[in-house]
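> Protein chains in written order, with the working numbering: chain V, 16 to 274; chain R, 3 to 295.
Treat the hints as calculated values from the structure; they're not laboratory data. Accuracy of the hints is not assured; some may be wrong.
Below, a list of computed lysine-lysine pairs in the BS3-like style, where the Cα atoms sit at most 25 Å apart [as the list claims (entries may be wrong)]:
1) Lys240/R - Lys156/V
2) Lys7/R - Lys82/V
3) Lys140/V - Lys189/R
4) Lys246/V - Lys48/V
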Amino acid sequence: MKDGIATTKFYERPIVKLIDVEIGYKNNETLVKIPDLEIFPGEIVAIAGPSGVGKTTLLRTIAGLVKSISGKVEVCGKAIPHRPKRGELGYIPQRLGLVRHASVMHNVMLGANAGQKKEIFHKNKYIKLVGNSFLSLLPSKEAKRKSLEAIRKMGLSDKVGEPVRRLSGGQQRRVATARTLAQEPVLILADEFLSELDDETMAVVLKRVVEYIRNNNAALLVVEHDISRAKSMADRLLVIDDGRINPFITEVTMIEVKV
Amino acid sequence: MITLKSKVISICLILILFSFSILNGMVDDWGRLSGGISNLFIFFSESLWPPNWSVIEPQNYPVCTTYPLFDFTCSTAWIGMSETIKIAFVSTIFGSIISLPISILAARNLSSLGVSYFARILLAAARSLPSIIWAIFFVILVGFGPFSGVLAMTIYTVGYLGKLQYESIEGMNSVPLESARSMGLSKIEIATGVVIPEMANSLISQVIFMFEYNVRHGTVIGIVGAGGIGYYINLYLKFLQYDKVISYLIIIFIVVLIIDFLSISARSYFNEGGDVSKPSWWDIFLPNLKKLK
Numbered sequence: 016m017k018d019g020i021a022t023t024k025f026y027e028r029p030i031v032k033l034i035d036v037e038i039g040y041k042n043n044e045t046l047v048k049i050p051d052l053e054i055f056p057g058e059i060v061a062i063a064g065p066s067g068v069g070k071t072t073l074l075r076t077i078a079g080l081v082k083s084i085s086g087k088v089e090v091c092g093k094a095i096p097h098r099p100k101r102g103e104l105g106y107i108p109q110r111l112g113l114v115r116h117a118s119v120m121h122n123v124m125l126g127a128n129a130g131q132k133k134e135i136f137h138k139n140k141y142i143k144l145v146g147n148s149f150l151s152l153l154p155s156k157e158a159k160r161k162s163l164e165a166i167r168k169m170g171l172s173d174k175v176g177e178p179v180r181r182l183s184g185g186q187q188r189r190v191a192t193a194r195t196l197a198q199e200p201v202l203i204l205a206d207e208f209l210s211e212l213d214d215e216t217m218a219v220v221l222k223r224v225v226e227y228i229r230n231n232n233a234a235l236l237v238v239e240h241d242i243s244r245a246k247s248m249a250d251r252l253l254v255i256d257d258g259r260i261n262p263f264i265t266e267v268t269m270i271e272v273k274v
Numbered sequence: 003m004i005t006l007k008s009k010v011i012s013i014c015l016i017l018i019l020f021s022f023s024i025l026n027g028m029v030d031d032w033g034r035l036s037g038g039i040s041n042l043f044i045f046f047s048e049s050l051w052p053p054n055w056s057v058i059e060p061q062n063y064p065v066c067t068t069y070p071l072f073d074f075t076c077s078t079a080w081i082g083m084s085e086t087i088k089i090a091f092v093s094t095i096f097g098s099i100i101s102l103p104i105s106i107l108a109a110r111n112l113s114s115l116g117v118s119y120f121a122r123i124l125l126a127a128a129r130s131l132p133s134i135i136w137a138i139f140f141v142i143l144v145g146f147g148p149f150s151g152v153l154a155m156t157i158y159t160v161g162y163l164g165k166l167q168y169e170s171i172e173g174m175n176s177v178p179l180e181s182a183r184s185m186g187l188s189k190i191e192i193a194t195g196v197v198i199p200e201m202a203n204s205l206i207s208q209v210i211f212m213f214e215y216n217v218r219h220g221t222v223i224g225i226v227g228a229g230g231i232g233y234y235i236n237l238y239l240k241f242l243q244y245d246k247v248i249s250y251l252i253i254i255f256i257v258v259l260i261i262d263f264l265s266i267s268a269r270s271y272f273n274e275g276g277d278v279s280k281p282s283w284w285d286i287f288l289p290n291l292k293k294l295k
C-alpha cells in the first residue's frame, strides 16, 4: 500500500508481457536481457538502475518505438511492434514530447483526443480509414471536459491558454502528465516523470497518477534512477544492474527488489 | 604531417584552378573583357543616364481620374510594380496552401518511403523549371497577362517552398512525434496537432521569405508577357529607350529593398531561437509605435 491508497486486486491477464527479450539498438550490442516480465492491471512497477543501462530503451521498446533484438513483447495481448491502438498507451518521455509553441490546452487535448474512440462504419476499408482520420479532427465536448479536468488535477488551471514554452520545467512535466491522464490509457509508460518537481507538487502528481492507476485498473511502468523514490511509489521494483550497483554482477541483469 | 587546415586550403586551391581552366576553355579572347568595361561606360553615359522619370507620370490614356496628389498611381511604373506585387502575393498564398500538405507527405519522419518519394518527385518537377520558363508555358496555355504569371509563380512556389518546408519538418525534434505515435494518433492528427503548431514559426518565416523571393522574380516574368513591371521593361527595351528601363530598374531596386527589410523584420519574430512572444501584425509593421503607447 502506498500513500494510503489501497492496492487493488491484480487481474490474471497481464497488460505487458516480455518473454526472453533482448533490448538494444540495431547494429549495437544488447543493452539488457529480460527473461520474463509481466505487468498486471492496477500494478505500478518501477525500473531503476544507473544511467546508460537501458531503462529508457526498455520503455521505448514497450511503446513500440524501438524493435527488440529478439524475444516477444506483448502489450494488451498484441505483439509489439504494432501501431498502438488509440488511447491504449500513454507515454511520458524524459524530454516530455510536448508541442512547445502550442498552449497547455492544445497539448492536453491531443491526449484526450487520442483517448476518444470515434469510428465511422462503412464496408469499404479505405473510406473508413479516411473517414476516421477526418472524424478524429472534430473537436469533442467530452475531450475538452476531460482535458480541463486533467489540467485541474495537475494544478495548472490558471495556465490553460499559456504556451508550453513559457512554463517552468516542473510545470511542463505536469502538462505531460495531464496529457496522459486525459488520454485515459490502459498502460502508462513514464520516464522519470517526477524529476524537476518540488516535494509538495511531486506528492500531488504522484497521488493523482496512482489514483488513476488503481481506479481504472491501468498499469504504470515508471523509470526512475533514484532507487529510494522508486521504492516509495512502486508495488514492484526492478533494478537493471551492469555491475555498478552490485560489483559481483558480471552481465547486465534485471533483478526484482522487495519494496 | 599534413594538417586538416592545409588539406582544406589545397582542396580550395585545386577547385579554383579547375574552375579557371574550365573558364579558359570557354573564353576565346580575354581582351573582350577590357572592351566590355569601356562599352559599359559608353552605354551608361549615352543611353542609361540620366533616368527618364516620365515612367512615374500618369499615362495619357486611359485618362487618370484619381485625386491629383495620387496621380502617380496611373503611371506605368506604379501599375507594373503593383501588379508584380499582386502576382507575388497571390502566388505565395496559393503556393503555400498547396505545398504544405505535399511537404508533409514528402517528410521522411512523417510518411512511408514510397509516399515520400512520390511527393518529392512532384516537388522536384515543379522546381526543375525556373519561373520564367513556367511563365512561357502558361502564356502559351492561357494567354498574356497576370493570370499566367500567377499560375507560373504558384507552381514554382509549390516546388521551392515545399522543399524548404519538408527539410525543416524533417529537422524537427523527434520526441513530440514519438509521443504522438505511441498515443495512437492518426497521421492527419499528428500533422495538424503536432507538426504544424510546433513548426509554425519556421513555416511562416519561409512563406514570408517566399513572398520576398516571388517579388524579385515576378519582375522578370513580365518579359515573356506574364504581367507585372517586366512587361514595360521589355516594351522599352524593344524601343531602345534605355533611360526609361533604368528608371524601372531603380524602382524595382527600391521596392525589393523595402520588401527585403520588411521581410527580415517580420521573419525575426518567427525565428526559433529565443523565447519570442507571439507577434501581432501591429508588432511587425509598427514596432516602435507600440513602444510609445
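> Checked against the structure, which of the hints given earlier come out wrong?
Of the numbered hints, 1 and 2 do not hold.
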